[in-house]
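Residue numbers (the numbering used here), protein chains in the order written: chain W, 1 to 440; chain H, 1 to 440.
If you are wondering where the hints come from, they were derived from the structure by calculation, not from laboratory data. Quick caveat: nothing in here was measured; it's all calculated off a predicted structure. You may find that some hints are simply not true.
Which copy is meant is left open, so a pair is good if it fits within one copy or across any two.
In silico SDA-like pairs for lysine to any residue, Cα to Cα no more than 25 Å straight-line [unchecked claim]:
id, residue 1, residue 2
1, Lys232, Leu37
2, Lys85, Lys338
3, Lys133, Gln383
4, Lys49, Gly233
5, Lys93, Asp175
6, Lys230, Gln25
7, Lys85, Val134
8, Lys232, Trp219
9, Lys230, Gly42
10, Lys133, Trp369
Protein chains: 2
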Amino acid sequence: MKLRYLAPLLAALSAPIFAATQPQQTLTAQQSDPNQLGWMQGFPPSSDKLIRGTDSDYFSFPKLRWSVCHFQQLMPTIEVSRGVKAPLPLTTKLNHGIDDVRFQPLGQQQQMTWRQALDANYTDGLLIMHQGKVVYEYYSGCLHEQGKHAAMSVTKSIIGLLAEILVADGTLDPDASVASLLPQLANSAFADASVRQVMDMTTSLQYSEDYSDPKADVWLYTRAASPLPKPKGYQGPRSYFEYLATVKKDSSAKHGEAFAYKTINTDALGWIISKASGQSPAELLSQRLWQPLGAEQSAYFTVDSIGTPYAGGGLVAGLRDMARIGQLMLNQGQWRGKQVIPAAAVDSITQGGDPEVFARSPYKDLQGWSYRSMWWHSHNEHQAYAARGVHGQTIYVDPTADMVIVRFASFPTPKNAAIDPTSLPAYHAVAQYLMAAAER
Amino acid sequence: MKLRYLAPLLAALSAPIFAATQPQQTLTAQQSDPNQLGWMQGFPPSSDKLIRGTDSDYFSFPKLRWSVCHFQQLMPTIEVSRGVKAPLPLTTKLNHGIDDVRFQPLGQQQQMTWRQALDANYTDGLLIMHQGKVVYEYYSGCLHEQGKHAAMSVTKSIIGLLAEILVADGTLDPDASVASLLPQLANSAFADASVRQVMDMTTSLQYSEDYSDPKADVWLYTRAASPLPKPKGYQGPRSYFEYLATVKKDSSAKHGEAFAYKTINTDALGWIISKASGQSPAELLSQRLWQPLGAEQSAYFTVDSIGTPYAGGGLVAGLRDMARIGQLMLNQGQWRGKQVIPAAAVDSITQGGDPEVFARSPYKDLQGWSYRSMWWHSHNEHQAYAARGVHGQTIYVDPTADMVIVRFASFPTPKNAAIDPTSLPAYHAVAQYLMAAAER
């Protein structure tokens, strides 16, 4: 079976999010703007401007700059309902000085302005909240205020937050073994892992994401996840659930020893929270966050053939609604004066994980950081923490500066290591700028 | 290529909507309730409760009772955005006497109550507006106030309304030939048809919907429309647009002579309005109706492999939002005191079509009715007119009674001829009941 449909997407989503650099001779953000390139324009679009979900390259640059906003028409999805009430609008008080904030990109000689960084990062949407108000809002490429964008692995952090809500509720025991909750996983690597180990990705899993190896596990996973018809004679797993049951332990490591970033942990966690709550991640996200936060738009997840939301990376949402999540984190679960989720759920995340366990990961970027409940913690002087997804997606929360930054992007290559040098120092510079402005 | 994915859906949608009777020994509405039958419940659902978009029977009774609410997770779709503002809520003033209204079903001896008719028709949702207020609202089966339901061929009427809006705007000339607007159709049957003939389905098209004939045109259409990968060596059309270009004339008839209900007219009209407006039916519906009406939920269309909305029957929407359309028709294009669409667009529809042209159709039900701009006109004493879709979908507007009825249903068989006997007289009885109540 050739790569089709979900394959290119999953490949990108599951990619290690470290290492690699920006390709040379790549089209710039302006040059690759999907509106300029004319993807899918016209009735019908000309044949060289068509993008189909069954194309093997729909998630390759530059087509991905269109596709990140259009997953719903490329594959089956499931709605995260905002309900039917009026949205709770965000308050806006724009700060026009932000574009000129200067910062020093990591490893570079020249300073850069915030505005320059937007294009350097192929930014599709960026929103900054400070002291609870929108101080900056930007759309480009395929995104606009009524549009939605793939959140990629930021999805994982949302699933982690839902798990922490269930833990704080007493609905989910983080010390329980996975097999005690999901007998279907009794013969898999997950069986004797604790829910906490799954949440923190310290499980020991035999799971290769080596895309150059046609027998790598990621291809089996991709085939299992695809909602397309299976080839004749296919006997393998036909859903995320069935795939997870086949995962074996990595004999060289024990659960709990080291952080190991593997997307399938989040799919296992999606299953765990479904079992514990009786609701799918899509229903749970709607009921626990999207509706109480008064989201402006319903969101959606991509799904497998049995409608299971892709917990590892399938969320697609509006920019302002992602900002609501960041602000809720900053507010320790309060929204408009109401405690809409338990403060304990947020506290568990914001304390961060164990940096030593993190340091034992094979990845060597983000030194000094940690990972807890699918969120990345910088342990920097501002105690900033983040949700991070390939191609530049993020929710970045800086509690010290009372600031949230949400970014959607379609950077040509998946790895954030290529994007961080012009992002992380920019975020910190804006935080300092806003703190100084607030003091004046 | 076997029937898969869109095939069962298109088969049902394209079915002649007349003739046929209810099958015997069919499960009742209660017995076939999708929640009771347990479709897709659990994590994962048991194998005998699974419904996949690639199953050949997902749109067969009783599975269709679940599927009508879940197209988004069964296949690719495209959003009809409600925008991001607050919905404009409907005002509710329930009338509790409606359930007891009695009527005489066509061709039956026994009277029936309104409430009994709901189950007899496998009703999933029903809303009645009278004098601009919601007087009745009912959900069952797979539907609830935050859910969406397939509108089937009610979609056609919405597309017809959009076309009339463009005509009233001066953006679309109803007398223009199709080929003058769409050169791609110059060698097809549509070429010398006028836009008006397409809108009224009086075109002469060689297009068979005989499902027992494996070479029937509907199967070619189905294959073209499917967003699934095409089988190796497939050389046929790969989109609605490409299929439409292949349609030949019916040598036994001329354009304009007779009404002939063929779904592909609406797909041609969808293309025509896209070309005229520069917007796809999904964008146009969002901008012209969904946003100005303050819809509660975004809707969506199913799509082909290049993201073309299925104008012939692919709309899926919330019950209250469909009621907004009916009420807008009743109000001659006004909404909350504002003329949101031209009154002329509504007037063109409500005048009805030519009953003689209608009578020349091969179908012999609905005697005395007519068809104009994809709406059905009863020409009864109340001058009621309707949008009608297989399995019981309707928007029924009774201007004399100042009443709109919107129904979503999942009747076991597609044809409305089996549903009309317990629907049309019930609608008329409720209209009379509400008129009498208003006089008191």
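Each hint tested on the structure:
{"no.": "1", "hint": "Lys232 - Leu37", "in the structure": "neither (38 Å within a copy, 30 Å between copies)"}
{"no.": "2", "hint": "Lys85 - Lys338", "in the structure": "both (17 Å within a copy, 22 Å between copies)"}
{"no.": "3", "hint": "Lys133 - Gln383", "in the structure": "within (20 Å within a copy, 54 Å between copies)"}
{"no.": "4", "hint": "Lys49 - Gly233", "in the structure": "between (35 Å within a copy, 22 Å between copies)"}
{"no.": "5", "hint": "Lys93 - Asp175", "in the structure": "neither (44 Å within a copy, 52 Å between copies)"}
{"no.": "6", "hint": "Lys230 - Gln25", "in the structure": "neither (38 Å within a copy, 35 Å between copies)"}
{"no.": "7", "hint": "Lys85 - Val134", "in the structure": "both (22 Å within a copy, 17 Å between copies)"}
{"no.": "8", "hint": "Lys232 - Trp219", "in the structure": "both (17 Å within a copy, 22 Å between copies)"}
{"no.": "9", "hint": "Lys230 - Gly42", "in the structure": "between (33 Å within a copy, 23 Å between copies)"}
{"no.": "10", "hint": "Lys133 - Trp369", "in the structure": "neither (28 Å within a copy, 58 Å between copies)"}
When the structure is compared with the earlier hints, violations turn up for hints 1, 5, 6 and 10 and for no others.
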